[in-house]
Every structure is written in structure tokens, then in C-alpha cells.
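Trainee: Once you have looked at the hints, place chain B on chain A.
Residue numbers (the numbering used here), protein chains in the order written: chain A, 2 to 113; chain B, -17 to 98.
There may be inaccurate statements among the hints.
Lysine-lysine pairs mimicking DSS-like chemistry, simulated, CA-CA at most 25 Å apart [said to hold, decoys possible]:
| # | chain 1 | residue 1 | chain 2 | residue 2 |
| --- | --- | --- | --- | --- |
| 1 | A | K71 | A | K57 |
| 2 | B | K(-4) | B | K48 |
| 3 | B | K48 | B | K2 |
| 4 | A | K57 | A | K68 |
| 5 | A | K71 | B | K2 |
| 6 | B | K2 | A | K68 |
| 7 | B | K37 | B | K2 |
| 8 | B | K37 | B | K23 |
| 9 | A | K43 | B | K2 |
| 10 | A | K57 | A | K105 |
| 11 | A | K68 | A | K105 |
| 12 | A | K105 | B | K37 |
What the hints contain is simulated information worked out from the structure, not anything from laboratory work.
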Amino acid sequence: QKEVEQDPGPLSVPEGAIVSLNCTYSNSAFQYFMWYRQYSRKGPELLMYTYSSGNKEDGRFTAQVDKSSKYISLFIRDSQPSDSATYLCAMSDYSGYSTLTFGKGTMLLVSP
Amino acid sequence: GAVVSQHPSWVICKSGTSVKIECRSLDFQATTMFWYRQFPKQSLMLMATSNEGSKATYEQGVEKDKFLINHASLTLSTLTVTSAHPEDSSFYICSGEEEGATYEQYFGPGTRLTVT
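Excised from the complex, chain A in its bound form:
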């Protein structure tokens, strides 16, 4: 079993839809959770970063963490065609080293 599981998609939605992206993990030591957006042939861009269970909101983005279920989500409201990209979840344990374990990424396609 891989440490981080993420559905690769693609996930196709119409403009304006609410998008839900998810990751599950098996390592209970993971304490820090990040979401990155990666456009084709570009480096990942940090979107959200959280370390506690619950919700964290930033504009149209909401990150949700459920440590008891080992499940994290990223919600995108009012999705735009410019949101079309691959979304990677990443997480790290509290070992003092900041190495990240990434999911495979979910490709999102928002059609106008």
C-alpha cells in the first residue's frame, strides 16, 4: 500500500462547479498537509498548508483535514478554466525534517 493515495483523474467539471479533490494516507505520523497546483511542464505551486484537523479557507479554496480517517480534501468553489491543472497533495511527519511525500496528483479540467 502506498503511503499517499490520490485518484489521478482526469476530473472534468463545468465552469462554476464546486470541485472536491481528495487524498488518503496510511502513515499516522503525518502532521503537515499541503496542496500544490501544477500546470503542465511547470513546477508545483503551493496553494494551501495546514497542520490541524478541520477546515482552512483561502479565497475560493478550502482545505479539510480529518486525521482520524487519514483523509484530506481540497474544495474549489466557483471553478474557473484557469483552475485546470494537476493538483498534488503532499504531507510530512513531525520528524524535524521537512521532506514531503506527494500523491500522484489529480488532473482537473474546467470547461467554459
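Mentor: Chain B in isolation, oriented as in the chain A frame:
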């Protein structure tokens, strides 16, 4: 957010030659830099972690004699792929982390390496 650049963005080399990729943090001091490789439709796989002025720490399965990493300053790290082979063709991405900002890695745009 902080900016990281990589050079070159795309390189083609012949099998057996060496290629150097530069990673620069433009507006912050990266005490720690990370090197990843990414195959098509795959996730980022960490290759090594380097701290300025120290030897890099390589992940299991990564040949340190093949992938030479130098973190000579707080704004520059280089990855040299020695004696490149076609199977080394991949997307190489670096990231930098500022001291005190643990877990907030800022990524470069990546370098596409094609070995013929």
C-alpha cells in the same frame, strides 16, 4: 510567494555525457534545497536534500555518484547528472526552503532532460 528559478528549462544531451542543472532562489535564502524527479503522469519523487555548505542526503535508491549535488550558497544549488543514459530522461524539479519556514517549499519551474 518566493521565487525559484531553474536553468536550463530543457536540455538534450547524448548518452554518456554529463549535464548540470542550476537551481536559484531569487528573493530568499534557501537554507535547504530539495531535488525531485517526475516521470510523466507520476508524482514527484524526492532524490536528495541538501543544506548549504553540507553534503547532500540522498534517498534510498538514488546513486549519489551519478547525481552530484552541490549547495554552494544560500541561493544556488546544482544537480549534475553524470554519464547520462536514456533512462535518466525525466523532469527534474528543485525546491527551496527558507530557514524557519519548515514545510513551505517553493518549487522551481523544472528542467526537462532528454538523453538520446
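Trainee: List in ascending order the numbers of the hints, as given earlier, that are violated by the structure.
Mentor: Checked against the structure, the hints that fail are numbers 5, 6, 8, 12, while the rest are satisfied.
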